[in-house]
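Engineer: Since chain S is already given, all that's left is putting chain H on it; use the hints.
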Amino acid sequence: MLKINKLHKSYPIGNTSLHVLKGIDLFVEAGEMVAIMGSSGSGKSTLLNIIGMLDEADEGEYVLDNVPIKNLTEKKAAIYRNKFLGFIFQSFNLINYKNALDNVALPLYYQGIKRKERIDKALFHLEKVGLKDWATHLPNELSGGQKQRVAIARALAADPKLLLADEPTGALDTKTSHEIMDFIQSLNDEGKTILMVTHEEDIANMCKRIVRLKDGVIMEDIFVNQVRASPICLI
Amino acid sequence: MFDIDLWREIFQSINMNKTRTLLSGFTVTFAILLFALLFGITNGLLNTFDSAFADDAKNSIFIRSGKTSKASNGLQAGRQIQFENADQEWVEEEFGDKVQYISSRIYLNVTATFRNEKSTNTVRAVNPDHQYLENTMVNYGRYINESDVKNKTKVVVIGRLVEEDLFLKTTAIGKYINLNGIQYKVVGVFSDDGGDNEERMIYMPVSTAQQIYGNNDHIDQINLTYNPEMDYDEAISFSSILSKKMKERFMVSQNDQRAIRVRNLANESKAVNQMTFILSILVLIIGFGTLIAGIVGISNIMIFIVKERTKEIGIRKALGAAPKSIVLIILLESILITIIAGFLGLFLGMGILELIAPSLEKYFIKDPYVSLNLVIAATFTLIFAGGLAGYLPAKKASRIKPIVALRKY
Chain S
14 MLKINKLHKS YPIGNTSLHV LKGIDLFVEA GEMVAIMGSS GSGKSTLLNI
64 IGMLDEADEG EYVLDNVPIK NLTEKKAAIY RNKFLGFIFQ SFNLINYKNA
114 LDNVALPLYY QGIKRKERID KALFHLEKVG LKDWATHLPN ELSGGQKQRV
164 AIARALAADP KLLLADEPTG ALDTKTSHEI MDFIQSLNDE GKTILMVTHE
214 EDIANMCKRI VRLKDGVIME DIFVNQVRAS PICLI
Chain H
374 MFDIDLWREI FQSINMNKTR TLLSGFTVTF AILLFALLFG ITNGLLNTFD
424 SAFADDAKNS IFIRSGKTSK ASNGLQAGRQ IQFENADQEW VEEEFGDKVQ
474 YISSRIYLNV TATFRNEKST NTVRAVNPDH QYLENTMVNY GRYINESDVK
524 NKTKVVVIGR LVEEDLFLKT TAIGKYINLN GIQYKVVGVF SDDGGDNEER
574 MIYMPVSTAQ QIYGNNDHID QINLTYNPEM DYDEAISFSS ILSKKMKERF
624 MVSQNDQRAI RVRNLANESK AVNQMTFILS ILVLIIGFGT LIAGIVGISN
674 IMIFIVKERT KEIGIRKALG AAPKSIVLII LLESILITII AGFLGLFLGM
724 GILELIAPSL EKYFIKDPYV SLNLVIAATF TLIFAGGLAG YLPAKKASRI
774 KPIVALRKY
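Chains as they are written, first to last, in this note's numbering: chain S, 14 to 248; chain H, 374 to 782.
Hints in this document: simulated from the structure, not taken from any laboratory.
Glycine is no exception: its CB is placed at the ideal position from the N, C-alpha and C atoms.
A portion of the hints provided could be inaccurate.
Unchecked claim - Chain H regions said to be covered by chain S (calculated; three or more residues, Cβ under 8 Å):
#: 1; stretch: 384 to 398
#: 2; stretch: 686 to 699
#: 3; stretch: 772 to 779
Stated by the list, open to error - Think about it this way: if two alpha-carbon atoms lie no more than 25 Å apart in a straight line, the pair counts; the simulated DSS-like pairs of lysine-lysine are:
#: 4; chain 1: H; residue 1: Lys-769; chain 2: S; residue 2: Lys-88
#: 5; chain 1: S; residue 1: Lys-89; chain 2: H; residue 2: Lys-697
#: 6; chain 1: H; residue 1: Lys-697; chain 2: S; residue 2: Lys-96
#: 7; chain 1: H; residue 1: Lys-558; chain 2: H; residue 2: Lys-527
#: 8; chain 1: S; residue 1: Lys-19; chain 2: S; residue 2: Lys-83
#: 9; chain 1: S; residue 1: Lys-127; chain 2: H; residue 2: Lys-697
#: 10; chain 1: H; residue 1: Lys-558; chain 2: H; residue 2: Lys-542
#: 11; chain 1: S; residue 1: Lys-88; chain 2: H; residue 2: Lys-768
#: 12; chain 1: H; residue 1: Lys-774; chain 2: S; residue 2: Lys-19
Isolated chain S, as found in the complex (with noise of 0.2 Å):
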C-alpha cells in the first residue's frame, strides 16, 4: 500500500538547514491502523505532510498504492490527493463560510462529479458520521467534536485508499477524543488504511501499530495491541 524508502527532507533556517528528516524506511499493508509518535521536533508531522503531498521530500522513494510519488506538479499533485488521501487535521479545517454538507461535498467538486451526485454522496457520508441532521449548519454553529465528524466525512467523501490524520484528537476532551477514536476504528474495521499522527499514548494504543520517531529517524516499530475505544469502556 504504501511504500517508503530512504526518505530525507531538510528545511532552509537562514544559511544553515535543519535536517529533519534522516532516512525514513517504512512500509504499510492496506488495512492497517498506524500511529506515528514523537516529541515535536521530530519530524512526525513533516513525514505525515510528505505522505499527504502537502509538502515534498528531498531525497528518497515514495509509492503509494503502486504509484510512485514523484517530481509532482501542482496539477499532479493536486489529483493525487483528491484521488488517493484524505486528510483530518487538529484544527478540522473546515471552511467557516460553507454548511457540513457543502464541506463534505467540496472534494467530490473537484472530481467533477455532479451537483446532485455530490450532495447524495455527501449526505450518505454525513449520514455515516451521525450528522444528517446538522447538514444546514455553518461549522461555527457545530462542537469540537461535531466539527472533527464533520472533517471525517468529507475525508471520506472522495473514497480515499488512505486516511491521513494529524492529531484527530488533539483538540477535543477525553470524551470526545474517544468517540471519534471509536468512529475511526470503525472505518480501520471496514478496511480502511489509516495513519495518524499523535503524541497521546492512549491514542497511539488505539491503533495497531506504533512507529516511534526521534530525531528524524524510526526508533521502534511495534505492532500491539488494539485498544477498543468504544465509549462502554469509559464506565
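Structural biologist: Just chain H now, kept in the frame of chain S:
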C-alpha cells in the same frame, strides 16, 4: 464554457463574506463616482466659457466709427467719421484672403406691428455673410441673400421671439410685418445662442435700409471674420494693420482711440483658450489621480482578500483543488464585484450630475455632463486593474504549499 458549479462557489463566497464584498465594492464605486462628478463639473465650467462666446463667431473683428478726439492732417478734432459701402469694398480688396466673411451693419429702432400685436424692436440691416458672423441659426425659411441686397427687396428675417410676440401661435413665413409704417415680407425665422435680446432682432438687406431710411450709402459698422487658418498672433497683427490703414484712409491720427475702433475677439479668445487649456489639464490630472487612487485601493483590498483566504486556499488544495481553479475562483469573484460596483458608481455619478445640474447654474457650471464612453473606459480600467491586482496575489497563493497555507490561523 460556462461552469455553473464554479459560479455557485463564487456566489456562495460573495454571499457569505458580505463585509469583504462591500469593502471592495465601495472602493470601486466611490472612485468611479468621483471620477464622473469631477469630469462633469469641470465640463460644466468649460461649457460656461463656451456659451459666453457662443453669440458671435470666435474669429470676429468689429470696426466702429465715432468722432475724432485729436486733430490731424489739418483737420480739427470732433469730426464725425462715417463709413460707407465703399469702405467695406475697400477692406475686401485690401485684405483679400485674410477676410473670411464680411458684412455691413446699420442699426434702426422700429415699432413692429402685425394685426393687433405691437412691439419695439431693433433692426440690423446686413449683408448675407452676417449669418456666419453672428452664428445665426435659421429655423424656417431662409436668410437674407445676395439678390435681396442687389434688388433692395423689402424682406426681413425675424427672431424666434419676434414671431412668438407678434404672430402668436401662427407661422410668420410669407406674412407681412409692419415696421414704422412700411410692410416687409417675412422670409425666415431664426434662433441665436446669444440670449433673448438676440432673438428679438430683425434682419433686413443693408441696401433696402439705406434706400428707405436715408437714401444714402452710409453704414454704421463693418463686421468681419478673419481667415480661421491664422493663429491668434497673426490675427491680432492683422487687426492692428487693419486699424492703421483705416485711420490713414480717414485721415485720423494713429493715436486717436475714438474715431475708428477695431475690436478683435482673438484677444479675448486667446485668454479664454489659455484658461480652458489649463482647466482641461487640471481635469486630466485630477481624473487620473482619482483613477489611480481607485486602482491602489482595489489592489490593496485584493491583496488583503487573498491573505485572508490563504487558509481556505490551503484546505482547497489539500482536498484536490488544482492551482488554476484557485486563481479562477479568486479572480472571477474580484472581477464580478468590480464590474457591479463600477457600473453602480457610473450610474450614481451620471444620476447625481443630472440631478444637481439645475442648482449648479448659478455657480457658473452649465450642463455638467461627462461622456458615457469616458466613464465606461474608466470603469474598465478599474476592472482591469482590479483583475490584475487580484491575479498576481492569487497566482502566488495558488503556488504556496498547502501545508504552509494551512499553518496560518
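Engineer: So, for every hint listed, does it hold in this structure?
Structural biologist: Comparing the hints with the structure gives:
no., hint, result
1, 384 to 398, "holds (count 4)"
2, 686 to 699, "holds (count 12)"
3, 772 to 779, "holds (count 5)"
4, Lys-769(H) - Lys-88(S), "holds (15 Å)"
5, Lys-89(S) - Lys-697(H), "holds (12 Å)"
6, Lys-697(H) - Lys-96(S), "holds (18 Å)"
7, Lys-558(H) - Lys-527(H), "holds (6 Å)"
8, Lys-19(S) - Lys-83(S), "holds (14 Å)"
9, Lys-127(S) - Lys-697(H), "holds (20 Å)"
10, Lys-558(H) - Lys-542(H), "holds (18 Å)"
11, Lys-88(S) - Lys-768(H), "holds (14 Å)"
12, Lys-774(H) - Lys-19(S), "holds (23 Å)"
In this structure, every one of the numbered hints holds.
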